[in-house]
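Engineer: The residues making up each chain are set out below.
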Amino acid sequence: MSINLKTCTEEELWKFVGKHLADNGFDAVLVGGAVVSVYTEGAYESGDLDFIIQNLSKEKLPEVMKNIGFIKNGKNYIHPKCDHLFIEFPSGPLGIGEDYNIKEDEQEFEGTKIKILSPTDCIKDRLASYIYWGAGECFDQAILVGKAHKFNATAVKRWCEGEKASEVFKEFHKQVQK
Amino acid sequence: MLDKILGSKTAQKIFLHLFHYGESYPSAVAKDFKVSLSQVQRQFDRFEEAGIIISKLQGRTRVYKFNLKNGAIVKPFKELVKVIYDSIPLKEKEEIFSTRRRPRKAGKYVIRKVNK
Chain A
1 MSINLKTCTE EELWKFVGKH LADNGFDAVL VGGAVVSVYT EGAYESGDLD FIIQNLSKEK
61 LPEVMKNIGF IKNGKNYIHP KCDHLFIEFP SGPLGIGEDY NIKEDEQEFE GTKIKILSPT
121 DCIKDRLASY IYWGAGECFD QAILVGKAHK FNATAVKRWC EGEKASEVFK EFHKQVQK
Chain B
1 MLDKILGSKT AQKIFLHLFH YGESYPSAVA KDFKVSLSQV QRQFDRFEEA GIIISKLQGR
61 TRVYKFNLKN GAIVKPFKEL VKVIYDSIPL KEKEEIFSTR RRPRKAGKYV IRKVNK
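Line by line, the protein sequences give chains A and B.
The numbers in the working numbering rise by one with no breaks, and the one at position 138 of the first sequence is 138.
The numbers in the working numbering rise by one with no breaks, and the one at position 55 of the second sequence is 55.
Calculated from the structure, these hints are not laboratory results.
Nothing here was measured: the structure is a model prediction, and the numbers come from that model.
For every residue, glycine included, the Cβ atom is placed at its ideal position computed from N, Cα and C.
Treat the hints with care, as some may be off.
[Said to hold, decoys possible] Among chain A residues calculated to face chain B with C-beta under 7 Å, some are:
(1) TYR44
(2) PHE86
(3) PRO90
(4) SER91
(5) GLY95
(6) GLY97
(7) GLU98
(8) ALA128
Next up, chain B with everything else stripped away, as it sits in the complex (with noise of 0.2 Å):
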């Protein structure tokens, strides 16, 4: 639904990327959804510009997150987000956002789940 009211579904899968990870940049998008890098950066800057999404740099990659400080736009726009995300069937939203970026202590070990 959200990729026909946007017009593109590299647009849903940009927004799905930043509910999940709470921020996001391209290549992630890319490398997730397996879908061409520059598509992905058209669409981020768009609604960057739009200010529905802000952007920083951190060390050289450009890391975006819902603009917030336009809450008026943008809270009920996100809630609009969850419901697509909330209707994405768990082993799918797990297949999808398998590459885990929360923080994470260094040195602490890395346990991957070996599928038999």
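Looking at chain A on its own, in the form it has when it is part of the complex (with noise of 0.2 Å):
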């Protein structure tokens, strides 16, 4: 695939790195405010990418993404052509609040299944956002996503209820709705 990296959105590079780590044997899920910016078509823009690596073992991490160019500085990735993005790897496991049975979705790119968050456990992750951080620019993305896609809301309003935050859910249902 051909990249160019000083435009590229935050789809293109999820495509081109998730790809490039698939094809390394890594089980890599885009999850974070990238995964809003992919279902607003960047009417959302993060700024960052990141991936939930699921292997146990990452040792060959750096050495993989610095076949693509992107080179470890601290604890992201950086590509000297790429200055508007970078790559984090958040430690796993992949969880949103008390909820760790989630079930990524997979799209076929150029032959290989690259991983995202799925658009109703992209809402409940930006809601976790606002519910422990206080994130309040988090709420009004998982609106975007809310709006764009269809979702299951059954099962957001089932986590806010774990997670002890109907009001949330009301809120947030209501200005979907809108």
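Two chains, two separate frames, one set of hints: put the complex together.
Structural biologist: Written out as structure tokens, the structure reads:
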């Protein structure tokens, strides 16, 4: 795949890096704000891509990333030609609040399956940032995704109840239906 | 016990401090437990990278707290810390956590206990 690293979007970079990781044996799932960028087709720009690597062994990750020009800099991976986006690999496992039975979505890209949080789990993830970190912008991102994509409202409601945040679901649902 | 699991006495102190105050910062842990700041800072960095704690800047201080967004892991871990915390004798807790760090209305008098 060819990619213009100077101008690429979060979605283009996800596909490029996600395919490279999968082709090298890494079970990588895109999470966080970049998922919002993908589901809103760039209406929201996250500025970074967070991948959870589900493999136990990650020793080869720096070398695999280096093969596509991304160098480890602190906890981030940066590319000299891509100064508007960087990549991070937060610690796993994949979980949102108390829910760790996350079934990620798969998309086929140039013959390789790459993984991303589903719209429903993306909404839960953003609401979790709002509930536990007080990040109001993440509540707005959940609404953006809820308006742009079909999602399982019952699952989001049940998750909010489990996190003792039923009021958050009520407000979210009201805003999405506006 | 927690120090053995985590492989570090400083790490145990950090989590007890976080549990007691709800949020904390390296210089406070170093002061209250009389340990070196660099040692404490290293452990904070380690646990933030592991996703157990999160931080944000408040003025010039980086303040940390448990990362409950990662609740499936962190809530049971916090329960473990609570067991250790609850086992500390009250007198010892009062000595370690003698600095008041909860919110206080500006200008309100502070009455200090004087040991005679």
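Engineer: Would you list, in rising numerical order, the hints stated earlier that this structure does not obey?
Structural biologist: Of the numbered hints given earlier, those the structure breaks are 1, 2, listed in rising order.
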